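Chain by chain, the residues run as shown.
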Amino acid sequence: MFEDVRDLYQEVILDRGRHPRHAQRLDAFDATAKGDNPMCGDRVQVWVKHNDQGAVSDVGFEARGCAISIASADLMAEAAIGHTATTLRKLSADFAQLVTSGDCPDCAGLETLQPLSGVSEFPSRVKCATLPWHALLSAIDAEPGHG
Amino acid sequence: MNDRMTHLDVALLRRDFPILSETIRGKPLVFLDSAASAQKPRAVIDAMVGAMEHQYANIHRGLHWMSERTTEAYEGTRDLTATLLGANSREEIVFTRNSTEAINLVAHSYGRGILKPGQAVLISEMEHHSNIVPWQMLRDAHGIELRVCPITDAGELDMAAYEGLLEDRKVGLVAITHMSNVLGTYTPAARLCALAHEYGAKILLDGSQAVVHRRVDVKSLDADFYVFTGHKLYGPTGIGVLWARAELLEAMPPFLGGGDMISSVSFEHSSWARIPHKFEAGTPAILEGIGLSAAIKYVNAVGFDAIAAHEQALVEHALARLSPIQGLSIIGHAQDRGGVISFTMEGAHAHDIATLLDRAGIAVRAGHHCAEPLMRRMGLDSTARASFALYTTQEEIDILADTLIRVREFFA
Ligand SMILES: Cc1ncc(COP(=O)(O)O)c(C=O)c1O
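Going down the list, the sequences are from chains A and B. Our numbering puts the first residue of the first sequence at 1, with every later residue one more than the last. Our numbering puts the first residue of the second sequence at 1001, with every later residue one more than the last.
Be aware that one or more of the hints could be misleading.
[As the list claims (entries may be wrong)] Residues of chain B placed beyond 12 Å of chain A at every Cβ, according to the derived structure:
| # | residue |
| --- | --- |
| 1 | F1017 |
| 2 | Q1055 |
| 3 | H1064 |
| 4 | R1274 |
| 5 | I1307 |
| 6 | H1333 |
| 7 | A1350 |
| 8 | A1360 |
| 9 | L1380 |
| 10 | D1402 |
[Said to hold, decoys possible] Which chain B residues face chain A? A few, computed with CB under 10 Å, are given here:
| # | residue |
| --- | --- |
| 11 | T1083 |
| 12 | Y1199 |
| 13 | H1349 |
| 14 | D1352 |
| 15 | D1358 |
| 16 | A1363 |
| 17 | A1366 |
| 18 | R1377 |
| 19 | D1381 |
| 20 | R1406 |
| 21 | V1407 |
Hints were generated in silico from the structure; no laboratory data involved. If you're wondering where the values come from, they're calculated on a predicted model, not measured in any experiment. In this text, a Cβ means the ideal position worked out from N, Cα and C, and glycines have one as well.
With the hints as extra help, turn the sequences into a complete structure.
This is the structure:
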């Protein structure tokens, strides 16, 4: 039973959903923002820290939501490290393509996020995966000097 | 008294609902989301298609055969609805788009037209957003205080608090659900009405869920307003009902302006049509009204005693099957409850549960069920909810329970 949901709930997703590595607020941070999905009640807050070069050096989050949204936030926290605001926007757009179409042939740097590609077969769950990214971009956009 | 009064031949009834023979990814559809919207019997489908094929025109305004017959069919729904609710007269039945619009009508017309700034409206912690937001809008626009009656951990109204909130006689209107769409709780409606009246308040009952599962009699409840929505009662979307005492409707100003709701119009002045037409501006949902007629005839023929007994048995069976599942918590333990069961599962979010159940062909709802304040009260973000209808079987509940055990294993 449930063999056909293994694409969605890959081991990585189940593991990250259960034991996220980055699910904490950062003590020192440069930006934070919340995201919520009023249709389903999912909520997330993301904290971002930068290094001197303006690249993301750490991301933490607190989320209430399903396994997909928690795993997505956790993998995002890893994928975002080392990127500037500009590349993060691109990465976020590529990720959106990955989870809506299942593929992003011309994209680079999506390896960490690849386990979420199965979401594309579950249209009602796409927004669970993209919610943390919306919060991350809001945090970055709200921050002076990183707009 | 025939056999149908107490016993439903569910297998036979299911044949009346064409959609129930659909399969989902090769598995039979197990539809446990009727509280969101019920499936439609053939009789409703045929009535609407038949009207479009054979007997349709605009109503209340044509002098020709088609219009007269269509008017009769549509107005026939008003008679059936009046009888369904035990209303005094057909004039007490106002058609709206849904429950939401019916509540907004009362909030707007009774709220702004009759209630005075400084008075209060009393709702409860277990209301659907549609019985919260219109009152907040009234509060902000008209200086009405909004009071909220707490519920107990079991999911029942705190009746001592209810009376306490009425005591200063500032509450002009109570607006409370007759059955919770999340907890399944039936509220003690007759007692709520009696207490409201004792302290000089009028009372609106949101019957969106309640009217589906049991016979409702607005006179024996002694309510002032009662609302429900057609699509949950096996009827079409787009038609809802407001029942109110005739003298209240007479006193209330119109809600929407336009055609059909006037008796005469000049540029200086318009005068209003008689009730209920005063509240029905514009061409109404004619086909949906005709569909609702068929739905009411259908549930009447099945019989509310039998429906109530069948669903009560389903609820008991479901509680017995679901409660022992490890990690599963049922939300709400009211003594008096209808065919709705919300639950959570340790280690599995409601959305994940719903996605897995869906893969097994089982449709449940997951989320906050348009009752965010209630979720907060229960300390939750979301629940999964299974809800039952007259066509639900014990086998379907067994499939749900067996599958939930697998869901639990999957996420453990
Ligand atoms: C208790 C309750 N009230 C009101 C409503 C609103 O019904 P509608 O969306 O048809 O207006 C619902 C249905 O979702 C409900 O369950």
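Status of the hints after comparison with the structure:
no., hint, result
1, F1017, "holds, 24 Å"
2, Q1055, "holds, 40 Å"
3, H1064, "holds, 46 Å"
4, R1274, "holds, 41 Å"
5, I1307, "holds, 31 Å"
6, H1333, "holds, 22 Å"
7, A1350, "violated, 8 Å"
8, A1360, "violated, 7 Å"
9, L1380, "violated, 9 Å"
10, D1402, "violated, 10 Å"
11, T1083, "violated, 38 Å"
12, Y1199, "violated, 36 Å"
13, H1349, "holds, 4 Å"
14, D1352, "holds, 5 Å"
15, D1358, "holds, 9 Å"
16, A1363, "violated, 12 Å"
17, A1366, "holds, 8 Å"
18, R1377, "violated, 14 Å"
19, D1381, "holds, 5 Å"
20, R1406, "holds, 5 Å"
21, V1407, "holds, 8 Å"
Consistency with the previously given hints fails for numbers 7, 8, 9, 10, 11, 12, 16, 18, ordered from lowest to highest.
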